[in-house]
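Visitor: First to last, the protein sequences are chains A and B.
According to our numbering, numbering within the first sequence proceeds without interruption in unit steps and concludes at 253.
According to our numbering, numbering within the second sequence proceeds without interruption in unit steps and concludes at 611.
Since the hints were made in silico from the structure, they are not lab data.
The reader is advised that the hints may include incorrect statements.
Stated by the list, open to error - Far from chain B, some chain A residues (derived; all Cβ distances over 10 Å):
no.: 1; residue: Arg161
no.: 2; residue: Glu193
no.: 3; residue: Asp222
no.: 4; residue: His238
To be verified - Now the in silico label distances, taken between C-beta atoms and shown as ranges:
no.: 5; chain 1: A; residue 1: Ala38; chain 2: B; residue 2: Gly499; range: 27 to 35 Å
no.: 6; chain 1: A; residue 1: Trp22; chain 2: B; residue 2: Arg606; range: 43 to 51 Å
no.: 7; chain 1: A; residue 1: Ala67; chain 2: B; residue 2: Leu385; range: 56 to 64 Å
no.: 8; chain 1: B; residue 1: Pro453; chain 2: A; residue 2: Lys144; range: 47 to 55 Å
no.: 9; chain 1: B; residue 1: Ala433; chain 2: A; residue 2: Lys144; range: 29 to 37 Å
no.: 10; chain 1: B; residue 1: Asp434; chain 2: A; residue 2: Leu248; range: 51 to 59 Å
no.: 11; chain 1: B; residue 1: Leu468; chain 2: A; residue 2: Ala123; range: 55 to 63 Å
No residue lacks a Cβ here, since even glycine has one placed at the ideal position from N, Cα and C.
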Amino acid sequence: MTRETPSPAADLAVEVRDLHKWYGEFHALRGVELAVAAGERIVICGPSGSGKSTLIRCINQLERHHAGVVRVDGLEATAEPRRLEAIRRAAGMVFQSFNLFPHLTVLENCTLAPVRTGVATRAEAEAHAMALLGRVRVADQAHKRPGQLSGGQQQRVAIARALCMRPKIMLFDEPTSALDPEMVKEVLDTMIELAGEGMTMLAVTHEMGFARQVADRVVFMDQGQIVESAPPGDFFAHPRHERTRAFLGQLLH
Amino acid sequence: MTAVATPGPPRAARGPAVLAARLFGSPLNVVLTLAVAWAAWSLAAPLVRWAVLDAAVLPAEPAACRDISGACWSFVVAKSGQILFGIYPIEERWRPTLVCAVLLGLLAYSLRPAAWRPHLAALWAAALPGVLLLMFGGVAGLSYVATTMWGGLPVTLILTVTAIGGAFPLAILLALGRRADLPVIRTLCVLFIEVTRAMPLLSLLFIASIMLPLLLPEPLLPDKFFRAMIALLLFAAAYLAEVIRGGLQALPPGQAEAARALGLGYWRTQRFVVLPQALALVIPSLTNTIIVMIKNTSLVLVVGLFDLISSGRAALADPEWSSPAMETYIFIASVYFALCFGFGRFARALERRAEATP
Numbered sequence: 001m002t003r004e005t006p007s008p009a010a011d012l013a014v015e016v017r018d019l020h021k022w023y024g025e026f027h028a029l030r031g032v033e034l035a036v037a038a039g040e041r042i043v044i045c046g047p048s049g050s051g052k053s054t055l056i057r058c059i060n061q062l063e064r065h066h067a068g069v070v071r072v073d074g075l076e077a078t079a080e081p082r083r084l085e086a087i088r089r090a091a092g093m094v095f096q097s098f099n100l101f102p103h104l105t106v107l108e109n110c111t112l113a114p115v116r117t118g119v120a121t122r123a124e125a126e127a128h129a130m131a132l133l134g135r136v137r138v139a140d141q142a143h144k145r146p147g148q149l150s151g152g153q154q155q156r157v158a159i160a161r162a163l164c165m166r167p168k169i170m171l172f173d174e175p176t177s178a179l180d181p182e183m184v185k186e187v188l189d190t191m192i193e194l195a196g197e198g199m200t201m202l203a204v205t206h207e208m209g210f211a212r213q214v215a216d217r218v219v220f221m222d223q224g225q226i227v228e229s230a231p232p233g234d235f236f237a238h239p240r241h242e243r244t245r246a247f248l249g250q251l252l253h
Numbered sequence: 254m255t256a257v258a259t260p261g262p263p264r265a266a267r268g269p270a271v272l273a274a275r276l277f278g279s280p281l282n283v284v285l286t287l288a289v290a291w292a293a294w295s296l297a298a299p300l301v302r303w304a305v306l307d308a309a310v311l312p313a314e315p316a317a318c319r320d321i322s323g324a325c326w327s328f329v330v331a332k333s334g335q336i337l338f339g340i341y342p343i344e345e346r347w348r349p350t351l352v353c354a355v356l357l358g359l360l361a362y363s364l365r366p367a368a369w370r371p372h373l374a375a376l377w378a379a380a381l382p383g384v385l386l387l388m389f390g391g392v393a394g395l396s397y398v399a400t401t402m403w404g405g406l407p408v409t410l411i412l413t414v415t416a417i418g419g420a421f422p423l424a425i426l427l428a429l430g431r432r433a434d435l436p437v438i439r440t441l442c443v444l445f446i447e448v449t450r451a452m453p454l455l456s457l458l459f460i461a462s463i464m465l466p467l468l469l470p471e472p473l474l475p476d477k478f479f480r481a482m483i484a485l486l487l488f489a490a491a492y493l494a495e496v497i498r499g500g501l502q503a504l505p506p507g508q509a510e511a512a513r514a515l516g517l518g519y520w521r522t523q524r525f526v527v528l529p530q531a532l533a534l535v536i537p538s539l540t541n542t543i544i545v546m547i548k549n550t551s552l553v554l555v556v557g558l559f560d561l562i563s564s565g566r567a568a569l570a571d572p573e574w575s576s577p578a579m580e581t582y583i584f585i586a587s588v589y590f591a592l593c594f595g596f597g598r599f600a601r602a603l604e605r606r607a608e609a610t611p
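If we strip away everything but chain B, and leave its shape as in the complex, we get (with noise of 0.2 Å):
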């Protein structure tokens, strides 16, 4: 080193000593440590005995939870598939089960950039019907499966991928039309998203069970899974169309007027130049959206559909058990948190990605 040489910025200190010093540097600092360290053990300990040491996993029979004090898993190993797929028939379940893959599986392989092509659409639009298909039989030597057998993980997927997937381009459209020229447009886009958004989801799902079946006479109504289905959309999608419009203010008008003096058209402009800037404005509001309409899926047990909630509360009615019901309610909880914290990570990944790309 020569004496011109400019030191670099200074670096952060790291290592055991300096750790050291910041938990016991001062006498405050060592009361602080040691009170954050006893309230985690006195919190974590009995946590840990009643989940692992005191737990019963094995025998997935009854009698294997009758004499400890610590969690019932073998309820959860035994009761699994109860969970898992409601009532639909034991001897079918291969079917929720194989829908069930394919949904993970196809939204796993929808997460990766290099499959953002046309041929990602064609697939889910070719898994959906294939699913419900699979689900209702009723055709190719399956059996018919009401929906009013369906139950647990797959009516979550079912009507997570559905009322998301198609909440998000009809929120896109509400979002434009809102900021549309066309006054008759406009109108319809603000009362429809005004309408929607003061409602509770809970009035929205019993409108659509028991309202709508007072209304429309029986060959035009749809069952009451789909009912369900579309409420959870529409309210998904006034939500999206609020957060959409955001990104579409925080642009620079510039921008659609650069693209429409080149001579691109109104829909053009949007997609290629608009929506891609507005919608990587607004991609934590959107995550922070959908994961709230992931979980508000699980509302539709009110209307007497079994999603994993209510599937899970189906199977801790069984006499032969002691109820279980934290048990049962941590597992479904890991359920949703896979769920959501997959796409938390999935639409972090993405704003890094929108934020490579100045």
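Chain A on its own, in the form it takes in the complex (with noise of 0.2 Å):
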């Protein structure tokens, strides 16, 4: 790869830099610094109100940012439909609340984006979709409604439909929060193995098992800041912050 001007940013998957974000006269993000390098997983976690949702948010620019940069696969964010379509298409998402299409079924879920936006053939979309589909599990369900299947079934659904669009990136908002518990474990293993496979990942979640596993780092937020950032080990061994400790104990009990 040739580039005019290298910057150090350059092969980052993803790079904010003094990010700000209001919601009227609320400051939801204050100056929020992170990089994260092709490959890396990253774990935000943090008290409610803190800003990562808003942060994850502004990633793939569901949410349009007030001051700073966004940049997504060297793709800086800016308020054009084009550009935005393909930061949306590097970086795929996975919601709390699944937001499956109950009109389509599970396989035209999948389908829907990658053959109308022109990315593949119906046919090359469906095989996909299904290998997907085998992947998480579900591909008994492809033909089926949504509203048939399991939550913990329609969150592996999501991941599949974000996948169908060959991201380089994967974020995830609090996907296991909306669960019965028995079906948070399945939801964490397809996350699990996804990263095992390479995916760079951004998930916004409470799950600390999840973290020590597969985190390289471990992000807190409070207050629209990153009050910390470090490996999972130290992190939960030696939080350097007095409010991580407060979090962290809140957890824990």
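Dock chain one against chain two, each of which comes alone in its own frame, and use the hints as you go.
Guide: Right under this line is the structure:
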């Protein structure tokens, strides 16, 4: 690869510089800095209202930031629609509430975007979708509607649907928070498998077991800022910041 | 049956014994049943006597109705051509007949889900100019017939199909525009909807037929028929837009977010994810509004267009006959009923289809 102006950020999957976001008067993100290398796995945690979901939604520009820079796969986020679509194709997203399309079958959920954006023909998209549905172990449900599936199955379909666009980065916004306890594991196992395949991942989650097992770094956010960022071993054993210690204390008790 | 078998849910009892118990089970029920039966009989008996027993159907001449006390259907039979086609030249009546056949046939064809493919839009796009050409004539040896000579069912059908068919896409754009990010678009859509909705359809029709000619120079001025058509279209669009907006607001925002997060642009998100769900949510109110709009087309009579009702009234002016107004209006009402009831059944089937896909 030859680039005219090589910057140190060139091979970063996600780069966030001095990011600010307001909701009305509320300053939701206050100068967030985050650099994620290709293949890196980041877990973001923090109390509710700390801005972690806002941060992840700013990365694929479901929320527009007010100041600072967001770069995904080398593309800087602007308001230009083509640029936004390219960024969203590079960064797949999985939501807390699944957000599957209830009027389409599971297979149609997976093939809609690849076919309609012209990334693949219908035949290619269906073959790819069936392979991915097999990988998340819901291939036998392909012709059902999402409403006929359990929550865990729906979230695994949502993961497969995002993977159908062949993203380079996967964003997870509390993917297990809306699930019944017995279904959390099947979704986490799928995410662990994905991490094992080298996918770049940013996950907002309170599943600290998952963080310990797969994260390269755990990022702790509070009041719109990144307070602490460390490998899981250090993060859990020696949290440096008082707010991190308070948060972990609450989580464990 | 073994002792451990669980009983099914209790079944509602049926049969003549139950019916008898419900109708005559208590003194009050006996009184109510007899009262309702008497009321029904005293209404139905004269109606049947008037409409069937004492009525004249054939021969279709004024003499048939001279000495009867019942309905004069002979008039409707004799004047059906005039009621259905107005003052359109009699020797050319095959043209509006063909127009009605094409429009009704195409409507019936469009009701089947199997027909909802891109070719259907092409079919309509070809049929509408074809239908207008057939009505106007002036080409291929057909004599020219001005819109002032049009009348009856083809006018009602053309106005209904074009006004509602054109209003629906416009309404979708208005509903989306009202929720757009750009303030200019949002304001324009709100302004259009609020102004149009706040005006009576009658005044909108008068503006189109009387005021517009004062404002526009002759070459730019569309025909009165098309001015009325556009007024109906805009009026229907304002109402439909608000119904559709209701569906858009009922849809969880996560649906559009998920589509955008997959890299679908705005229009594809609306077309494949948002609108199919939002429209299915508001089928009952859409049906309601569309049926009202079908009947609203009859208001064009106030600006001098000959729809079904005006051509019926024109037929009644024949001094040879003793003005059987009731019979004529019943006939016209039954045509409207067939159109509206047919559409209502179609909407119900559509709703069931949407319900079948949870």
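Visitor: Hint by hint, note whether the structure agrees.
Guide: Hints versus structure:
1. Arg161: violated, 7 Å
2. Glu193: About 21 Å separates Glu193 of chain A from the closest Cβ of chain B, which puts it past 10 Å; holds.
3. Asp222: The claim stands: Asp222 of chain A keeps its Cβ more than 10 Å from every Cβ of chain B (closest is about 25 Å).
4. His238: His238 of chain A clear of chain B: closest Cβ-Cβ about 36 Å, beyond 10 Å.
5. A:Ala38 to B:Gly499: 27 to 35 Å: At 46 Å between Cβs, range violated.
6. A:Trp22 to B:Arg606: 43 to 51 Å: At roughly 45 Å between Cβ atoms, Arg606 of chain B and Trp22 of chain A fall inside 43 to 51 Å, so the hint holds.
7. A:Ala67 to B:Leu385: 56 to 64 Å: Distance hint for Ala67 of chain A, Leu385 of chain B holds at roughly 57 Å.
8. B:Pro453 to A:Lys144: 47 to 55 Å: Since Pro453 of chain B and Lys144 of chain A have Cβ atoms about 50 Å apart, the given range 47 to 55 Å holds.
9. B:Ala433 to A:Lys144: 29 to 37 Å: holds, 35 Å
10. B:Asp434 to A:Leu248: 51 to 59 Å: violated, 40 Å
11. B:Leu468 to A:Ala123: 55 to 63 Å: Holds - the Cβ-Cβ distance for Leu468 of chain B and Ala123 of chain A, about 57 Å, lies within 55 to 63 Å.
In this structure, the earlier hints numbered 1, 5, 10 are contradicted, and the remaining ones agree with it.
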